[in-house]
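Number of protein chains: 2
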Amino acid sequence: MSTELSPRERLLLTTETMLRESGMAGTGIKEVVARSGSPIGSLYHYFPGGKTQLVVEALGRHAERFPRLAERFLDGSKSAATALRAWFDTAADEFESRGADKGCAVGAVSLDVRATDHEIRRACEVAFDDWISTIADRLPLRTERDRRSFATATVAAFEGAFVLARATKSGEPFRHAGRWLSLALVAQTTPKSERKPTSRKRR
Amino acid sequence: MSTELSPRERLLLTTETMLRESGMAGTGIKEVVARSGSPIGSLYHYFPGGKTQLVVEALGRHAERFPRLAERFLDGSKSAATALRAWFDTAADEFESRGADKGCAVGAVSLDVRATDHEIRRACEVAFDDWISTIADRLPLRTERDRRSFATATVAAFEGAFVLARATKSGEPFRHAGRWLSLALVAQTTPKSERKPTSRKRR
Chain A
1 MSTELSPRER
11 LLLTTETMLR
21 ESGMAGTGIK
31 EVVARSGSPI
41 GSLYHYFPGG
51 KTQLVVEALG
61 RHAERFPRLA
71 ERFLDGSKSA
81 ATALRAWFDT
91 AADEFESRGA
101 DKGCAVGAVS
111 LDVRATDHEI
121 RRACEVAFDD
131 WISTIADRLP
141 LRTERDRRSF
151 ATATVAAFEG
161 AFVLARATKS
171 GEPFRHAGRW
181 LSLALVAQTT
191 PKSERKPTSR
201 KRR
Chain B
1 MSTELSPRER
11 LLLTTETMLR
21 ESGMAGTGIK
31 EVVARSGSPI
41 GSLYHYFPGG
51 KTQLVVEALG
61 RHAERFPRLA
71 ERFLDGSKSA
81 ATALRAWFDT
91 AADEFESRGA
101 DKGCAVGAVS
111 LDVRATDHEI
121 RRACEVAFDD
131 WISTIADRLP
141 LRTERDRRSF
151 ATATVAAFEG
161 AFVLARATKS
171 GEPFRHAGRW
181 LSLALVAQTT
191 PKSERKPTSR
201 KRR
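So the protein sequences, as listed, match chains A and B.
Using this note's numbering, the letters of the first sequence correspond one by one to residues 1 to 203.
Using this note's numbering, the letters of the second sequence correspond one by one to residues 1 to 203.
Just so you know, these hints were derived from the structure itself, not from any lab.
Just so you know, not all the hints are guaranteed correct.
In silico SDA-like pairs for lysine to any residue, Cα to Cα no more than 25 angstroms straight-line [stated by the list, open to error]: (1) B/Lys102 with B/Arg68; (2) A/Lys102 with B/Gly28; (3) A/Lys102 with B/Ile120.
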C-alpha cells in the first residue's frame, strides 16, 4: 500500500478492501492494522470508536461512489434503458478485470451485520437510500412511486449480481441483470396505446 | 432448539441459521456448538472435515429449498410472470413475518468466503446453478440462452432483494424486484407484431 497515504487513510482503504472481500465479520482489526502497514497503536488513535467507527466510515467512502456512477451513466445523453444496460455491462467488465473477487462492501455488511449492530445496519440503509434516490431522479417513469420502485429493483439487481458474480467468479450475472431491467424500463415507457391490455393490467 | 433432533441435525440447523444471520466469517464453531446445545466433542465426531464440511452441508440443505420453491410457484397453473411476482411477494411476506433478520445462507457466504476457500465457493456456485436451471426450464422464452439469462437475472434479483431487505428490515425490495422482473417477462413474451422496432432491437 502506498506510503504516501496518511495512516488514517491507509486504515480506511484497507478496511474498505477487506469488507469487499469478506464482509464485516471477516474484517478483523488486527488484520486491518497488519495489511495497512500502520503502527499498532494507530487504530484507536484515529478511530476512538473502534471497529464500529472504522466500518461506518469505510462504508460511507465506499458507498459515495454509487450515486456518482448513477449520475455518470444516467446523464440524459442516451435513453435511461440504454444507459442502465451500459452501466451493468461496465460493472461486469470491471468485476472481471479486477480479479473477480471483490463485491460491494455495503452488500457484504448488510448480510453479515449482527441484529444488535444498529449503527452499522443504519449506515447500510442510508447508503442504499442515497443510491436509490439518485437513480430514481433520473428515470423516465411517470410517478415518483414508480421511479423509486424501479430504482430499488435496480439496486437489488446490482447487489445480487455481485453475489452471483462472486460465487461464479464471472461478471456475467451483471450482464443478464442489466439486460432484463433495461427491457422492463423500455416496456414501461412504451406508449400505452401500443400495450396489450394484459400487460397494462400487470403494471 | 428441539431436543428431538439428533446432535448432527442440531449442528447443521444451527449452522444454517447462523449463516443466514451473519455469513461464514460470523459463524464461529464454538458458537454453533453452544447454540445447538451439542456436547463440545460432537462437532468433530460428526464433521471430521471441521468447519468446511459443516458449512458445505448446511449450504446444501439451505440451497435445496430454492429449486423446490421454483417448482412450486412456476407450476404452469398461471403465467410465469404472474407466478414470479407471487413468489417474490411471498418472499417479502415471509422475510417480514420471520423477524426481518435472516438472509440467504448461500448469498451471505458468497460475499464473505475467502478467495482461497475453493470448496465452499464451489458449493455456492453449484447451488446457484441448480436454482437457475430449475427456473430456466419453466420459462416461456424462445431459446435456452434467453431462459438461462432471465433465470440468472431472477436469482440475482432475489439475492439482492435479501441484501436490501436486511439493510432496511423490510420485505419491500422483494416486491419491487418481482414487479419489474415480471414486467420484463411479459414484455418479452408479447407477440413480436405488437412490439415497437426500438424495443425489439434492444432485446
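Evaluated hints:
1. B/Lys102 with B/Arg68: holds, 19 angstroms
2. A/Lys102 with B/Gly28: Holds. A/Lys102 to B/Gly28 sits at ~23 angstroms (cutoff 25 angstroms).
3. A/Lys102 with B/Ile120: holds, 16 angstroms
When each numbered hint is compared with the structure, no violation occurs for any of them.
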